[in-house]
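Q: One letter stands for each residue in the lines below.
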Amino acid sequence: MPTNYDELTPGFEFPPVEYRLEEGIVADYVAVVGVEQTGHVPPLAVAARAIASLGELMILPPGTIHASQEFEFHGLVSPGDGISCVAKVIRKVSRGPIRMLTLEMRITNESGALIQVGRSAIVLPGA
Amino acid sequence: MTLREGLMLPELVKEITQADINRYAEASGDYNPIHIDEAFAAGTPLKGTIAHGMLVLAFVSEMLARTFGDAWDESGRLFVKFKSPTRPGDTVTVSGQIDALSAESDIVLATCSVVCRNQADEVLVSGEARVRIPDRL
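So the protein sequences, as listed, match chains G and L. Mapping of the first sequence onto our numbering: position 121 corresponds to residue 121, and the numbering continues sequentially without gaps. Start counting at 1 in the second sequence, then tack on 1000, and there's your number in our numbering.
To be clear, the hints were calculated from the coordinates, so they are not data collected in a lab. Possibly wrong hints are sitting among the right ones.
[As the list claims (entries may be wrong)] Derived lysine-lysine pairs resembling DSS-like cross-links, with alpha carbons at most 30 Å apart:
1) G:K88 <-> L:K1081
2) L:K1014 <-> G:K92
3) L:K1083 <-> L:K1047
4) L:K1047 <-> L:K1081
5) L:K1083 <-> L:K1014
6) L:K1081 <-> L:K1014
7) L:K1081 <-> G:K92
8) L:K1014 <-> L:K1047
9) L:K1083 <-> G:K92
10) G:K88 <-> L:K1083
Please build the complete structure, drawing on both the sequences and the hints.
A: What follows is the structure, encoded as structure tokens:
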């Protein structure tokens, strides 16, 4: 069941989301972004899918925008690999009309090895 | 390429259209209307659609991958702030330079500043990247 901003507190951990980076998904990403093709999935393609998967977990109001982003890459992902992403609320700010969230996403492969950590600060439109 | 402090990274220049943004929404699964719904976006404080931040960061990552190869994709660190929105019609220039190189046992740690500007020289994104480069590179 997706969660909304008001229900979130720092430390809240969402259930894991699992997905497979099929070759077609990777090829579409590479074509759109215009990056050079390598034997592995561009790390930002992995991250983009993880961030989009948040939409399955929480209701973000239309107009939510990115304020900052941090990544740590720990390993390569091959097309067709299965990925698991666990997101956690690191920080929540509600001050007047300002509503911000910082979320941390830890992405692991099918062997459980950590491949990427991302931290996204997002600004939600004013109430 | 011989890495050294002060080395400018190979610049990337990308033109962003609304069609690119729409295609990125499809490829990434991010359908936030601030990116793809022109009528909705016109009614927000941004007064129009903006590119996904992750689309612009993909260009930053590409510049770093072209410089550092798989070392970037395997061990990169990136921290950026989004300073201004990237809009359809913008020409984005991605640039950077190596600010510091330090040796740690069998690797070299490169610290780089990165920035994206539009055609009006406005800063869209700025931040820092770090990459651990094996001595063999």
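Q: Decide, hint by hint, whether the structure agrees.
A: Now the hints, each set against the structure:
1. Distance restraint check for K88 (chain G) and K1081 (chain L): the Cα-Cα separation of roughly 20 Å lies within the 30 Å cut-off, and the hinted pair is therefore satisfied.
2. At roughly 34 Å between alpha-carbon atoms, K1014 (chain L) and K92 (chain G) are farther apart than 30 Å, so this suggested pair is violated.
3. Between K1083 (chain L) and K1047 (chain L), the direct Cα distance comes to roughly 16 Å. Compliance with the 30 Å bound is thereby established for this hinted pair.
4. Straight-line distance between C-alpha atoms of K1047 (chain L) and K1081 (chain L) comes to about 21 Å, which keeps the hinted pair within the 30 Å bound.
5. A hinted pair counts as satisfied when its Cα atoms are at most 30 Å apart, and K1083 (chain L) with K1014 (chain L) qualifies at roughly 18 Å.
6. Between K1081 (chain L) and K1014 (chain L) the alpha-carbon distance is near 19 Å, which keeps this suggested pair within the 30 Å criterion.
7. Taking the CA atoms of K1081 (chain L) and K92 (chain G), the gap is near 18 Å; set against the 30 Å cutoff, the hint holds.
8. For a cut-off of 30 Å, the pair hint linking K1014 (chain L) to K1047 (chain L) stands: about 23 Å separates their Cα positions.
9. With a C-alpha separation of about 20 Å, the suggested pairing of K1083 (chain L) with K92 (chain G) holds against the 30 Å cut-off.
10. Of the pairs offered as hints, the one joining K88 (chain G) and K1083 (chain L) holds, with about 25 Å between alpha carbons and a cut-off of 30 Å not exceeded.
Hint compliance for this structure: hint 2 alone is broken.
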